[in-house]
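2 protein chains.
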Amino acid sequence: MPNGAQALVRTLADAGVEVCFTNPGTSEMHFVAALDDEPRLRAVLTLFEGVATGAADGYARMADRPAATLLHLGPGLGNGLANLHNARRARVPVLNIVGDHATFHAPLDAQLQSDIETVARNVSPGFVRTSRATSDLCRDAMEALAAARARPGQVATLILPADVSWSEGGKTCPPPAAAPVPSAAPETVARIAGLLRRSGPRSALLLGGWALREPALRAAAAVAQASGARLLAETFPARMERGAGLPAVERLAYLAELASVQLEGLAHLVLVDARRPVSFFAYPGRPGDLVPPGCEVDVLCAPEEDAAASLEALVEALGAGAVAPQVAPAWRPGRPRGPLTAEKVCKALGHLLPERAIVVDEAITSGLLLPKMTAGCPRHDLLTLTGGAIGQGLPAAVGAAIACPDRPVLALVGDGSAMYTLQALWTMAREGLDVTVVVFANASYSVLNVELERVGAARIGPKARAQLDLGRPPLDFARLAQGMGVHALRADRAEAFCEALEYALERPGPHLIEARIPESLRGVRRRILPWLLRALPALPAPLARGLKNRLAP
Amino acid sequence: MPNGAQALVRTLADAGVEVCFTNPGTSEMHFVAALDDEPRLRAVLTLFEGVATGAADGYARMADRPAATLLHLGPGLGNGLANLHNARRARVPVLNIVGDHATFHAPLDAQLQSDIETVARNVSPGFVRTSRATSDLCRDAMEALAAARARPGQVATLILPADVSWSEGGKTCPPPAAAPVPSAAPETVARIAGLLRRSGPRSALLLGGWALREPALRAAAAVAQASGARLLAETFPARMERGAGLPAVERLAYLAELASVQLEGLAHLVLVDARRPVSFFAYPGRPGDLVPPGCEVDVLCAPEEDAAASLEALVEALGAGAVAPQVAPAWRPGRPRGPLTAEKVCKALGHLLPERAIVVDEAITSGLLLPKMTAGCPRHDLLTLTGGAIGQGLPAAVGAAIACPDRPVLALVGDGSAMYTLQALWTMAREGLDVTVVVFANASYSVLNVELERVGAARIGPKARAQLDLGRPPLDFARLAQGMGVHALRADRAEAFCEALEYALERPGPHLIEARIPESLRGVRRRILPWLLRALPALPAPLARGLKNRLAP
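Protein chains in written order, with the numbering used here: chain V, 1 to 553; chain Y, 1 to 553.
Misleading hints may appear alongside valid ones.
The list treats identical chains as one, so a pair stands whether inside a single copy or across any two.
Taking lysine to aspartate or glutamate pairs in the DMTMM-like style, the calculated list, with each CA pair at most 25 Å apart, reads [unchecked claim]:
1) Lys-171 <-> Glu-187
2) Lys-463 <-> Glu-18
3) Lys-171 <-> Asp-136
4) Lys-463 <-> Asp-37
5) Lys-171 <-> Glu-18
6) Lys-171 <-> Glu-241
7) Lys-372 <-> Asp-109
8) Lys-463 <-> Glu-241
9) Lys-171 <-> Asp-298
10) Lys-372 <-> Glu-296
11) Lys-372 <-> Asp-36
12) Lys-463 <-> Glu-117
13) Lys-372 <-> Glu-117
14) Lys-171 <-> Asp-289
15) Lys-463 <-> Asp-476
16) Lys-372 <-> Asp-37
17) Lys-372 <-> Glu-495
18) Lys-463 <-> Glu-38
19) Lys-171 <-> Asp-14
20) Lys-463 <-> Asp-14
21) Lys-463 <-> Asp-36
Keep in mind the hints are simulated off the structure, nothing from the lab.
All figures in this text were calculated on a predicted structure; none of them were measured in a lab.
If we strip away everything but chain V, and leave its shape as in the complex, we get (with noise of 0.2 Å):
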């Protein structure tokens, strides 16, 4: 009879659980060697929780079924805890598995006891058990599995004793049954219909979650041009399927200065699988309730719903079901020149984006005109961080590129945040994964200098303007990328950043770019207005001119 570990990494692989990203201690060494006797589960090692987490977290955004970790006790949790908020507010399944000291070790309050669960329920509010015994801890990976997996998706913690693990006895378990997904009530659908056909033009349909796929694109688009109603995209998806072809939804800015003119003069908003918006922090005098008095919102389906199934029922109710909706055309921008710049970086990602790729976005300031440069490349996913804990891009194109082998993956990441899991770029070099990494790199907390404005502090001394400075000694990216065993380039102006580019777009990954850019954010003083006016030609033109009078003297 297999001891139990031996039975839980049977019962993963049969129940479709094929890749576990690991940070292995003492107590998970059963675990460790039991993967010889499962060809099936790939175990993929991680130098840093928080990769582990993070790739989890890519994964499961790009393959629709859960991956599995392997943390070490309370500490490697901790580590790990970051990617999973993002990954918990990505709505993905992800089987957070964490190993904990024998249940008789427990009570000698060892060095690295801690309390695991109430950590674990943090990120997995849904979902954590620690299971006590070999002969159920098949089930219970078997339940957790089934929690991760429910529509929404979730983090499910199983943590596992090591003497769970070690003893004899296991069980394997046969895998749980897919959940049915309901879609929204034949009321409800009516309900939606009939309002935006009475206000369509002043509705909006705000998109998350499945509703940012194929299918809902394409039905969203539909209700959008029968009703007039406009669709827009929650701030931060996390997976959003754009580019030439299909529907171009815009997406809710991130400052809120910005969400709020979007927003404005809106009679209707209907939540499709998204969140009521709320502005990202707190402002002094401001709300964080980004819906517009006397707007009123409605939900067409919850996370828990299927939104193209609810989104077609609209389509049918709305008599839509023949209108061939828009869709955003092929376009590129021109080839960029001179110095680099945050802008020139995106421009050459438009100009060059290969098909089918898969972009994670952690560029923060510095993409500011991604949406726009990509709009009309070949079709792409777009995976942003959902749960603004910086340290998720590198990770998180671990992840995509594990479920996308076939697919390029680009993680464009500010300098800031790659610093936080460059551990990453280890992962990537020894499992080989065709990941380009760009690094925006500026020298600065850029998104903090407007922070700092926008939160009205008042003096801004030298202090103060040094805890947002990372230029003291630079950061050589393409230094720390070898070191870790991956190919590096760097450029510091547009030529050379494009030539980078297709060198490393038509050789197999991993590959890391340096792009050495200004701070383009350090003008921005003592208002914010210089920097919304630059953001001008970023935005769909109505929304610019919008601004734009709203700015006017």
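Following the hints, complete the assembly by docking chain Y onto the known chain V.
Below, chain Y without anything else, positioned relative to chain V:
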């Protein structure tokens, strides 16, 4: 009237908090802006929260007073959790400040919202408080400070909502009075003096915490000499003063097999600011409690009591006031030659350790010979991995160097450990810290090769081995260091290592030396025996003899 943040930084400085280790985000921008109002508070930026918290731990160990941290919301706390766990186990004071959303923003459940208090309780069981009003903020901070500084020290977490920070109406608050520290009750001292008189040679004092500082060490050595009792130190001390001229105390071994031999035959074990010894991990069929059957455990003083005063009272009760305690003689090993090994690195460190060094030891298996090789070196402080959460060494070195700018710091780290919080190198360079980092680069999670055997895992195949292998691709620590602005050297021969170490110690830091060594434990396969036999020369003679007898067939 100042805002909350301005009053807070002033109150912190008034109370003697001189350093804040930071990784701020938007919700902390008012704290950041207030830094320029308070020249007495030094803000040390880190690129990752685990560096900030580990630095606060190292600082507290050397300064004997708390630094503050400044972390960003729940994910920032998560990233800092592992090193706060180590600080908790070190029982050192840390004022852990975690920024939060504005109080009115929290109900909106914005992207970065999470339950910070619950996570914080894991490392701050004694004090977690969310400050709810600007007028109370400084009082809350001083109560947190008082909790942190009590004996034993602890991590006290103050959660600081953005609006509490930015609102007008901050009121400074005077520093808390230092709480008196009681010492052992006279009847306890008399009882323990009696039992040591009766069964001296079959007794041992187990010293931890403050009992490993000079005054307590001298008193303990006098007790040992007068009574015949042995002296032992806890396995992973927060800070141990040692070297020529100080009483030498043998540490309990990490491996339970070795620790059992150290404790064998004892009739009494007297805890002095130390916990009852338990094995680090559990193993199938082995007890976790290391106290041998028939050995009685007594407590001279608990962590909340004064170890030095309690030991001095015991000296008096034993009439040992005139005893001159035995101290370690000055001795250094010779200069090693030939191909570099972990043992030769330890030898070279013993050969060259400078006066008044601070040695941070996270070398795991590679540092096995370090205690022996440095026992007779000039006086130094040793900081170890108190909580077992790896990634502590480099951050703790940052904190120690800031606490003691006139002392050389040596950070001895395994390659696996170094990669958890390598971002610490950047802060070392930025602050110009006199740290010499030695990376024991054996391309392996070597300790896990041992643990894989010890837990009794049956077959160990190539997939399992790959989980412990850091050699594919190789890590190039010299490049990684240079990428963060740290001067780096590399050695694979003992001669080159000695020269590199001399070079680094003669010049202001930081420096990193990559010591390329073979994976010395690669031979350990089926049994622990060969490893134990190899360890024998590192152990004190009586222990080695006892062990050899036990291991003999």
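Item to complete: Have a look at Lys-372 and Asp-109 and pick one of within, between, both or neither, based on CA distance no larger than 25 Å.
Response: neither (55 Å within a copy, 29 Å between copies)
Worksheet entry | Intra- versus inter-subunit Cα pairing at 25 Å for Lys-463 with Asp-476 | This pair counts as within: shortest intra-copy Cα distance 24 Å, inter-copy 34 Å.
Item to complete: If the cutoff is 25 Å on CA atoms, where do Lys-171 and Asp-136 land: within, between, both or neither? Let me know, please.
Response: Within one copy only: 7 Å inside a chain, 56 Å across chains, cut-off 25 Å.
Worksheet item: Given identical chains, is Lys-463 near Asp-14, meaning Cα to Cα at most 25 Å, within a copy, between copies, both, or neither?
Response: between (56 Å within a copy, 19 Å between copies)
Discussion item. Within a copy, between copies, both or neither: which one fits Lys-463 and Glu-117 at a CA-CA cutoff of 25 Å?
Written reply: neither (40 Å within a copy, 29 Å between copies)
Item to complete: Have a look at Lys-463 and Glu-18 and pick one of within, between, both or neither, based on CA distance no larger than 25 Å.
Response: Only across copies: Lys-463 and Glu-18 sit 14 Å apart there, 49 Å inside one copy, limit 25 Å.
Worksheet item: What label fits Lys-463 with Asp-36 when the C-alpha limit is 25 Å: within, between, both, or neither?
Response: between (54 Å within a copy, 5 Å between copies)
Worksheet item: Is the C-alpha distance from Lys-171 to Asp-289 at most 25 Å within one copy, between copies, in both cases, or in neither?
Response: neither (50 Å within a copy, 31 Å between copies)
Discussion item. As a check of your reading, is Lys-463 near Glu-241 (CA-CA no more than 25 Å) within one copy, between copies, both or neither?
Written reply: Answer is neither: 43 Å inside a copy and 36 Å across each miss the 25 Å cutoff.
Worksheet item: Is it within a copy, between copies, both, or neither that the alpha carbon of Lys-171 lies no farther than 25 Å from that of Glu-18?
Response: within (20 Å within a copy, 57 Å between copies)
Worksheet item: Between Lys-372 and Glu-296, at a C-alpha cutoff of 25 Å, which is it: within one copy, between copies, both, or neither?
Response: neither (30 Å within a copy, 74 Å between copies)
Worksheet item: For the identical chains here, do Lys-372 and Glu-117 meet the 25 Å Cα criterion within one copy, between copies, both, or neither?
Response: For Lys-372 and Glu-117, the Cα distance exceeds 25 Å both inside one copy (43 Å) and across copies (40 Å).
Of the numbered hints given earlier, the model fails hints 1, 6, 7, 8, 9, 10, 11, 12, 13, 14 and 16; all others are met.
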